[in-house]
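Following the hints, complete the assembly by docking chain B onto the known chain A.
Just so you know, the sequences run in chain order A and B.
Residue numbering for the first sequence follows this note's numbering, starting at 66 and increasing by one per position.
Residue numbering for the second sequence follows this note's numbering, starting at 47 and increasing by one per position.
Simulated from the structure, these hints should not be mistaken for lab results.
Only pairs whose alpha carbons sit at most 25 Å apart, straight line, appear in this in silico DMTMM-like list of lysine to aspartate or glutamate:
(1) A:Lys178 <-> A:Glu80
(2) A:Lys114 <-> B:Asp105
(3) A:Lys178 <-> A:Asp73
(4) A:Lys114 <-> B:Glu76
(5) A:Lys178 <-> A:Glu129
(6) B:Lys103 <-> B:Glu76
(7) A:Lys126 <-> B:Glu47
(8) B:Lys111 <-> B:Glu76
(9) B:Lys117 <-> B:Asp102
(10) A:Lys126 <-> A:Glu80
(11) B:Lys117 <-> B:Asp105
(12) B:Lys103 <-> B:Glu116
(13) A:Lys178 <-> A:Asp150
(14) A:Lys114 <-> B:Asp84
(15) A:Lys114 <-> B:Glu47
These numbers come from a predicted model, not from an experiment.
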Amino acid sequence: AQSVTQPDIHITVSEGASLELRCNYSYGATPYLFWYVQSPGQGLQLLLKYFSGDTLVQGIKGFEAEFKRSQSSFNLRKPSVHWSDAAEYFCAVGAEAAGNKLTFGGGTRVLVKP
Amino acid sequence: EAQVTQNPRYLITVTGKKLTVTCSQNMNHEYMSWYRQDPGLGLRQIYYSMNVEVTDKGDVPEGYKVSRKEKRNFPLILESPSPNQTSLYFCASRSTRQGTQYFGPGTRLLVL
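Chain A extracted, bound-state conformation (with noise of 0.2 Å):
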């Protein structure tokens, strides 16, 4: 069965400083994987995805995200945070043989302190 674990519940992080979310899975074969966010009573947006290819992936709102295979990894960084990137962000995996369901994470929730 796939799983998702992201290890932090809360990341507080000063404006303009850089931030990494930690997303690890679990599936048999290569999963596509996404990182979506959700702001204070918004529904989900996605920022990224990756399901071959190129191992860094680029996203919208300066995001990026690196598949690491050995790791079973999947973390969300960007350089340098705004204020309007507080949010809760989730990773979720998925695949076709799976019936197309996706996966979460219980997500991260990103505090920005000015």
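Here is chain B on its own, set in the frame of chain A:
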């Protein structure tokens, strides 16, 4: 505009009173699904549908029903809601030809 819509957005009800949350997508997607979001648990899949008249259970289907009579609609039915179904619900859709799921805005349900 391509989108997934859900109604209602907010709902307060009482235990045992049947309710339906509607979901509609305008992208001609084959695949649709329902998730619930609870603090610390992320989103968990309730039911999904691969196409019209084809539905299957997700990870947490107990207490829920779905139907898929038309390609664009995928309603979630709670026949006898209970307080443990208080949650934030998301509908999603995707094409079987590409892997990105598009989510609706969410429905916040409170069962008293």
